[in-house]
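Make a model of the complete structure from these sequences and hints.
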Amino acid sequence: MIVTPSEMRVLEQAAITQEGVPSLRLMENAGMAVVKHYLDSLSKNANGLEKPVLILCGKGNNAGDGMVVARELHTRQVPVHTAFCMGRDFTGDAETEYQRLMASQAPTFDLAEPSSMRSDYSVVMDALLGTGANKSLPKKIDQLLHTVNALPARKIAIDIPTGIHPETGALISEYPFQADETLTFHRAKTGLYLSPGRFFCGEVIVLPIGIAESEKEGSRIIIDDRAIRAFFPKRIPWGHKGSFGKMGILGGSVWYRGAPVLSARAAFNAGCGLVYAFIPSFQDGERPVPFNPETIVRLIPSEDGFISMRQIGQVTTEIKEMNVLLIGPGLGRQEETMALVRAIVDQARLPIVIDADGLYAFRGATDLLTSRKGSGPLILTPHMGEFATLLNQPVKEVETDALSKAESFARKNHCTLVLKGATTLIVSPDGTVYFNLTGNSGLAVGGSGDILAGLISGFLPAVLEAPERAAALGVYAMGKAAERYAIKRWEGSLTPSAVLKILPFVLKEFEPK
Numbered sequence: 328m329i330v331t332p333s334e335m336r337v338l339e340q341a342a343i344t345q346e347g348v349p350s351l352r353l354m355e356n357a358g359m360a361v362v363k364h365y366l367d368s369l370s371k372n373a374n375g376l377e378k379p380v381l382i383l384c385g386k387g388n389n390a391g392d393g394m395v396v397a398r399e400l401h402t403r404q405v406p407v408h409t410a411f412c413m414g415r416d417f418t419g420d421a422e423t424e425y426q427r428l429m430a431s432q433a434p435t436f437d438l439a440e441p442s443s444m445r446s447d448y449s450v451v452m453d454a455l456l457g458t459g460a461n462k463s464l465p466k467k468i469d470q471l472l473h474t475v476n477a478l479p480a481r482k483i484a485i486d487i488p489t490g491i492h493p494e495t496g497a498l499i500s501e502y503p504f505q506a507d508e509t510l511t512f513h514r515a516k517t518g519l520y521l522s523p524g525r526f527f528c529g530e531v532i533v534l535p536i537g538i539a540e541s542e543k544e545g546s547r548i549i550i551d552d553r554a555i556r557a558f559f560p561k562r563i564p565w566g567h568k569g570s571f572g573k574m575g576i577l578g579g580s581v582w583y584r585g586a587p588v589l590s591a592r593a594a595f596n597a598g599c600g601l602v603y604a605f606i607p608s609f610q611d612g613e614r615p616v617p618f619n620p621e622t623i624v625r626l627i628p629s630e631d632g633f634i635s636m637r638q639i640g641q642v643t644t645e646i647k648e649m650n651v652l653l654i655g656p657g658l659g660r661q662e663e664t665m666a667l668v669r670a671i672v673d674q675a676r677l678p679i680v681i682d683a684d685g686l687y688a689f690r691g692a693t694d695l696l697t698s699r700k701g702s703g704p705l706i707l708t709p710h711m712g713e714f715a716t717l718l719n720q721p722v723k724e725v726e727t728d729a730l731s732k733a734e735s736f737a738r739k740n741h742c743t744l745v746l747k748g749a750t751t752l753i754v755s756p757d758g759t760v761y762f763n764l765t766g767n768s769g770l771a772v773g774g775s776g777d778i779l780a781g782l783i784s785g786f787l788p789a790v791l792e793a794p795e796r797a798a799a800l801g802v803y804a805m806g807k808a809a810e811r812y813a814i815k816r817w818e819g820s821l822t823p824s825a826v827l828k829i830l831p832f833v834l835k836e837f838e839p840k
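Residue numbers for the sequence shown follow my numbering, beginning at 328 and rising by one.
Please note that the accuracy of each hint is not assured.
No more than 25 Å apart at the CA atoms, straight line, and that leaves these computed lysine to aspartate or glutamate pairs for DMTMM-like [said to hold, decoys possible]:
| no. | residue 1 | residue 2 |
| --- | --- | --- |
| 1 | K828 | E621 |
| 2 | K739 | E724 |
| 3 | K815 | E836 |
| 4 | K561 | E838 |
| 5 | K561 | D551 |
| 6 | K568 | E836 |
| 7 | K568 | E792 |
| 8 | K568 | E621 |
| 9 | K828 | D552 |
Hints were generated in silico from the structure; no laboratory data involved.
Shown next, in the form of structure tokens:
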């Protein structure tokens, strides 16, 4: 389960006021959990005992956690130095822990100038600011982080690396603390898994600190192998092609002829029984990009190489027999084409996946999604730029609060939103959010979105009661395929066609036994 920092504060306050756990006890528990984890890691690797641990303490409760760690390591005869980087003027529980640390006679010093710091530490622990820091950091702290990151020491962040916005994952420092591990408490925080912050966190480990479990903590979940196995549809041994779904793709144009081809191939990889491609005919003498022979291609007469409202009659007739319709791959953004998309989405009574150009039909007009007369689940698969277009907001504004905007969008528009990125968010209408952490930069290439849309659409007929499962299956499997490719090859060489070749082997690993 993942929470925002403000939600975590509510949980802590409930533990204090309703469960009677003193706030100082929570701080002690947090520090002791870090000590236990650190000592357990040393028992597996004796290296590091001969060199001291450096704990960087700033202000507030995060510094208090760090001082507990310093005191307890000292009492266990682990060499430890505590650096006070923002003075020694503490209040509340942090002041209590400061007095306890000083009474223990553990070594401390004031770090006024980062360049004067020793470089022979085995471990550096970051207890500077914690999850309360959400604004740009002072230049002095930036310089300190720059110096610390250059040290050849193991780096452990306590609760969250300094320089990462705890809720959005945005960078609030030029040099965020580059952790090998982040030890966070009770629940992981959203900023630890959102980009670009997640790439500064190393391995995220959640440590218990004595807060009781609650059923009211929301539903933000990291997708993992176990979840995918639970989501994976079982094949009916006596099934026929109709049993596994009939999917239609409304896409392609004179400009983008290959996009629906990739989507169709991906849909077959997802186990879809029948795949239809509804594409425009071309008047320039060129043939469409060849589909795999299994795809049933239906040409929509077109004078300019784009499907438009002039063909709505034929399109409406063609899609009536489909179980799922994918709209958008390579469709183009002609106004007449966008009008067709809006009309189809409004009237169709079947599950619809909208990707790529299809999304532009609802630019600044997402109210059309909520007022549609048709029925069936709706899945939208924008990347950040397309999502900003849907919201009619600047990309930078959306990026700074993407999770909150995605949650609000899915609820308001009664759809499953797949917000693609280094961390892909899958948000269902009930507010459940799945975080996907698979994949690599090799997927940042034209055609990847077409494959993902085809995968999701291909899985959808088998999991119609839970559309977010189709999205999770597609996103996770595609990311895993990219990771497998990069084991022996440079990820920058990855192509969508290579992903298609790897997918069957990845999916086999999650097939129900």
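Here's how the hints hold up against the structure:
| no. | hint | in the structure |
| --- | --- | --- |
| 1 | K828 with E621 | holds, 16 Å |
| 2 | K739 with E724 | holds, 19 Å |
| 3 | K815 with E836 | holds, 19 Å |
| 4 | K561 with E838 | holds, 8 Å |
| 5 | K561 with D551 | holds, 19 Å |
| 6 | K568 with E836 | holds, 23 Å |
| 7 | K568 with E792 | holds, 20 Å |
| 8 | K568 with E621 | holds, 12 Å |
| 9 | K828 with D552 | holds, 20 Å |
Checked against the numbered hints listed earlier, the structure breaks none of them; every hint is satisfied.
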